[in-house]
Amino acid sequence: MAGWLNFRSLNQEGIVFAIAVVLFVAAAIGLPGFIDPNNLVAIVRSVSVLGILALGMAVVIIGRGIDLSAVAIMAMSVAWYLQLLNTGTPDGLAFAYVLAGVLAIGLLNGFLVAYADVPAIFVTLATGSFVFGYVRSQLITQDAVPVPQGHWVELLGGLRFLDVPIEVFVFAGLAFLFFLFLRYTKWGRYIYFAGDNPVAARNIGIPVRPMLVLRYVLSAFVALIAGLLTAASLHSINTRVVNSTLLYDIVLVAVIGGIGLSGGRGGVRNVLVGAALIGILLNAMTIIDIPLLYQNLIKAAILLGAIIVDGIINPRDEQTAQQGDI
Amino acid sequence: MKLIRTLMAAATALAVTAFVAPTFAADDPGPAAYAQALKGKRVMLVPLAMGFDLAQGWAHYLKKEVEAWGGTFETRDPNWVVDAGAQAITDAISSDTRPDVLIIHAPDLNSYSKLMKKAQAAGTYVILVDNPANFPADAFVGSDWDRLGQLEAEAAIKGCGENSSKKIGLVQGDQANSSSLYQYAGIMKVLDKHPDFKVVAKPDSNWDATTSRNVTTTMLQQNPDICSIIDFWDGDATGASAAIRDAKLDGKVFLVTTGGGEKAADCDKLNDGTYGAVVMTDLARQSGDMNAIIKFLLQSGQPAGTSHTYIYTLEKATTKADLKPDSCWDLKALQAEAAAK
Numbered sequence: 001m002a003g004w005l006n007f008r009s010l011n012q013e014g015i016v017f018a019i020a021v022v023l024f025v026a027a028a029i030g031l032p033g034f035i036d037p038n039n040l041v042a043i044v045r046s047v048s049v050l051g052i053l054a055l056g057m058a059v060v061i062i063g064r065g066i067d068l069s070a071v072a073i074m075a076m077s078v079a080w081y082l083q084l085l086n087t088g089t090p091d092g093l094a095f096a097y098v099l100a101g102v103l104a105i106g107l108l109n110g111f112l113v114a115y116a117d118v119p120a121i122f123v124t125l126a127t128g129s130f131v132f133g134y135v136r137s138q139l140i141t142q143d144a145v146p147v148p149q150g151h152w153v154e155l156l157g158g159l160r161f162l163d164v165p166i167e168v169f170v171f172a173g174l175a176f177l178f179f180l181f182l183r184y185t186k187w188g189r190y191i192y193f194a195g196d197n198p199v200a201a202r203n204i205g206i207p208v209r210p211m212l213v214l215r216y217v218l219s220a221f222v223a224l225i226a227g228l229l230t231a232a233s234l235h236s237i238n239t240r241v242v243n244s245t246l247l248y249d250i251v252l253v254a255v256i257g258g259i260g261l262s263g264g265r266g267g268v269r270n271v272l273v274g275a276a277l278i279g280i281l282l283n284a285m286t287i288i289d290i291p292l293l294y295q296n297l298i299k300a301a302i303l304l305g306a307i308i309v310d311g312i313i314n315p316r317d318e319q320t321a322q323q324g325d326i
Numbered sequence: 001m002k003l004i005r006t007l008m009a010a011a012t013a014l015a016v017t018a019f020v021a022p023t024f025a026a027d028d029p030g031p032a033a034y035a036q037a038l039k040g041k042r043v044m045l046v047p048l049a050m051g052f053d054l055a056q057g058w059a060h061y062l063k064k065e066v067e068a069w070g071g072t073f074e075t076r077d078p079n080w081v082v083d084a085g086a087q088a089i090t091d092a093i094s095s096d097t098r099p100d101v102l103i104i105h106a107p108d109l110n111s112y113s114k115l116m117k118k119a120q121a122a123g124t125y126v127i128l129v130d131n132p133a134n135f136p137a138d139a140f141v142g143s144d145w146d147r148l149g150q151l152e153a154e155a156a157i158k159g160c161g162e163n164s165s166k167k168i169g170l171v172q173g174d175q176a177n178s179s180s181l182y183q184y185a186g187i188m189k190v191l192d193k194h195p196d197f198k199v200v201a202k203p204d205s206n207w208d209a210t211t212s213r214n215v216t217t218t219m220l221q222q223n224p225d226i227c228s229i230i231d232f233w234d235g236d237a238t239g240a241s242a243a244i245r246d247a248k249l250d251g252k253v254f255l256v257t258t259g260g261g262e263k264a265a266d267c268d269k270l271n272d273g274t275y276g277a278v279v280m281t282d283l284a285r286q287s288g289d290m291n292a293i294i295k296f297l298l299q300s301g302q303p304a305g306t307s308h309t310y311i312y313t314l315e316k317a318t319t320k321a322d323l324k325p326d327s328c329w330d331l332k333a334l335q336a337e338a339a340a341k
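Same order as they appear, the protein sequences are chains A and B.
Under the numbering used here, residues 1 to 326 are what the first sequence spells out, in order.
Under the numbering used here, residues 1 to 341 are what the second sequence spells out, in order.
Don't read these hints as lab results, they were simulated from the structure.
Among these hints, one or two may not hold up.
To be verified - DEER-style ranges, computed between Cβ atoms:
#1 B:ALA35 x A:LEU297: 55 to 61 Å
#2 B:ALA185 x A:GLY33: 26 to 32 Å
#3 B:THR90 x A:TYR97: 38 to 44 Å
#4 B:ILE311 x A:GLY88: 37 to 43 Å
#5 A:TYR97 x B:PRO136: 24 to 30 Å
#6 A:LEU103 x B:THR72: 41 to 47 Å
#7 A:ALA104 x B:ASP196: 57 to 63 Å
#8 A:ASN296 x B:VAL199: 18 to 24 Å
#9 A:ASN296 x B:ASP326: 39 to 45 Å
Note that beta-carbon positions come from the ideal geometry of N, C-alpha and C, so glycine has one too.
Here chain B stands alone, though its shape is the one from the complex:
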């Protein structure tokens, strides 16, 4: 009996191995197709500048992934100069090593439109990141700035409270960058629904911290009872916070801003009360989205310029109360990791 059972078991095992194993091992076409479509492909990131948290974070996550599937990852640093960015894109398109995917962080709605069209005509997929532009890119990955503005306004209203002066001040970026224009539109949408809240001033900082400080000083001087200020970027909100500090209004003015969710730039400042709320971009997830769409486009077989996808990053207004250890990513840690290699 025992022998028969053993024999039967052995036979079954044999049959299973003989029948199933080859199917699993040899017939999954995924890895081979994946490798064939991606290997040796070039990805280039052209941000507004390489010197700030968002760009450095994107570059870190993209490089890791692209190099893992055997591609080449490069960045160009226009250092906030629009012309230099245009030059970098032009050179990239016409070089022998034309990138297969170009990731562009557009400075405004129109500057790079023609160049992006040229890139697509040459067969390069164009992915817009963070800042939308008047151009049908293969994909847009980034914030829905209108929604982001709405979140900021909601945070400001909550930060003010019902028994406050209900006066809100805005420190806009400029009047050309889409992130600034759409953010403003989103804020006003929410404030229209709360007619008791009023915007008392809306100067521009031109993304400069000193200017932000000066205009905020004047704003607080004119309206000392402002209950909340929304500054359109954490890169210059240090100026608005300096003005609040100088006016001795710490804790009385609820400062709302938005940023890339970097620890020193956002979480530390939420923690010490400099910012009341920050609408933070989940940078690792946003970079993951870019990685996914890169992999998709390269395998799709679809010619560049024929698909238009919008992948908006999930945004959330974070306050000190809902800070968690993993709310932010740490640029210093990423740099240390890169240096250790």
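Isolated chain A (complex conformation):
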């Protein structure tokens, strides 16, 4: 009976965590070199940018929203920044432009969702396309924009502490900050109320709308950081990433870790669990040298499996049935 109860209390986060642990142990035993500290660092690094983006996405989703413009903001803001630098704009001015642009898009997203009452999924889909289209056609000339030689972004990419790349520390630091924000600040706690039941939250006097705006600004800003880290490592940014599956991977990391799309649930831990699973999975499959087609199939099968198991042991309740997901 106790075992049954334990099984019942397993939620999606628990299931995904268990799968991640099983995979990790299996890979550690079966794959030579997997357990090597350098490989473990490589795993964390490979999901750092994804994880950072997922943190921003998580905060938005917990507040019952979604930000589909994250990848466009990430790639296009940095592409524009590098283009400005390459055409001779002073660094400080270029960065100020780009920061202003990023915050403006975050504000626009938030304003349209909060005050114009347009569903987040449409707003951010549209602003994402707008950002990509405008920057690509008006502000930059090439898909790939290189980092100028010797610029701080290039130096940032080479930065190591104890042989661990900088983006791992940025990911860890941001995760900790987001944890503090969500857990210990008033506005952080309010996000859960607003995500769980926006009308009730508003009735008890929570500033639901300004908070909504803040979340989208936060997400946009986090995207800029992720973009800078990407450019730092590759010494260039390729705007083609906007067409890739990165956006879905971000939502996936958040959702697979157990952050419900219906809002009000989850936290930083869920993002970490989701990122860990994806990281371990991709690394193990690369070591085994599984072709990309099968990698996608395996990834999809495991994720689908986790969702199905979650559906069985955590049936949808009255509330989600009524409100639906986003």
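Please build the complex by placing chain B on the supplied structure of chain A, with the hints as guidance.
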């Protein structure tokens, strides 16, 4: 005497002018026929995207030439989206201003086959560029990817040397694009002849630099003694090179890739040692080939879809040692030239 000589000379000159000059001036039918066949014809280029070096280079050289003979040159930018490319081709075929020549950069072996057939049925010549497809186009202009793969493998073997680990890693593109599949086949052909060289891993980058970096990191982690890596495109080889740099293996791993021979993308990186060898496409010559076949088809009088020509671009693996000032073309210079107009 002098008078007679002068008279004779004058008479001869007169005779020559009277007899020869009209023949040369009036009877060369070339320019008129050329102008009549080409004037006002429409050429459209549908690349995978307009935002990368190859497409921008082709467009530059094609536009210059097509407009010089009085034609119209247009491009469409599907921005790497296969559906958008299909839409662009469909619209072009059914529009009032249907192009007379359609130059298509196919995303994979099959996607556009039906559309290209429709274009030919409507009377439009179809030229495939760079990526072959399962379709009998009027002409294919581009790389023989199998041969290109062989050149890469030969460069990698040479870069490794006899006393190396003889371990080679591949970073493939994907499993759908013909350029990736044929490149792989070519590499394996050469490696089969050198059984002491081994491919230790062959992950896909999906043409994405971050993915290329991640898989290369893992590959080097598992096989730190790899002597050469072949990345299937310079567009994502920046990721493989980042992984090599991060593993502090610069100079120890000979990175081979292929690209359009653009200065910043290829020559600068050969020069600073990021790439060991690049199999570069001679873009100006490839565009010249396209221009020639366009001019030929439009004058041939042959209905679209009845001839099948393959024009492979001469490829060569270039290393730092054989870099010359004109090894690469400069996209920035072309853009400046276009902006100055």
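Each hint, compared with the structure:
no.: 1; hint: B:ALA35 x A:LEU297: 55 to 61 Å; result: holds (57 Å)
no.: 2; hint: B:ALA185 x A:GLY33: 26 to 32 Å; result: holds (29 Å)
no.: 3; hint: B:THR90 x A:TYR97: 38 to 44 Å; result: holds (39 Å)
no.: 4; hint: B:ILE311 x A:GLY88: 37 to 43 Å; result: holds (41 Å)
no.: 5; hint: A:TYR97 x B:PRO136: 24 to 30 Å; result: violated (51 Å)
no.: 6; hint: A:LEU103 x B:THR72: 41 to 47 Å; result: holds (44 Å)
no.: 7; hint: A:ALA104 x B:ASP196: 57 to 63 Å; result: holds (59 Å)
no.: 8; hint: A:ASN296 x B:VAL199: 18 to 24 Å; result: holds (22 Å)
no.: 9; hint: A:ASN296 x B:ASP326: 39 to 45 Å; result: holds (43 Å)
In this structure, only the earlier hint numbered 5 is contradicted, and the remaining ones agree with it.
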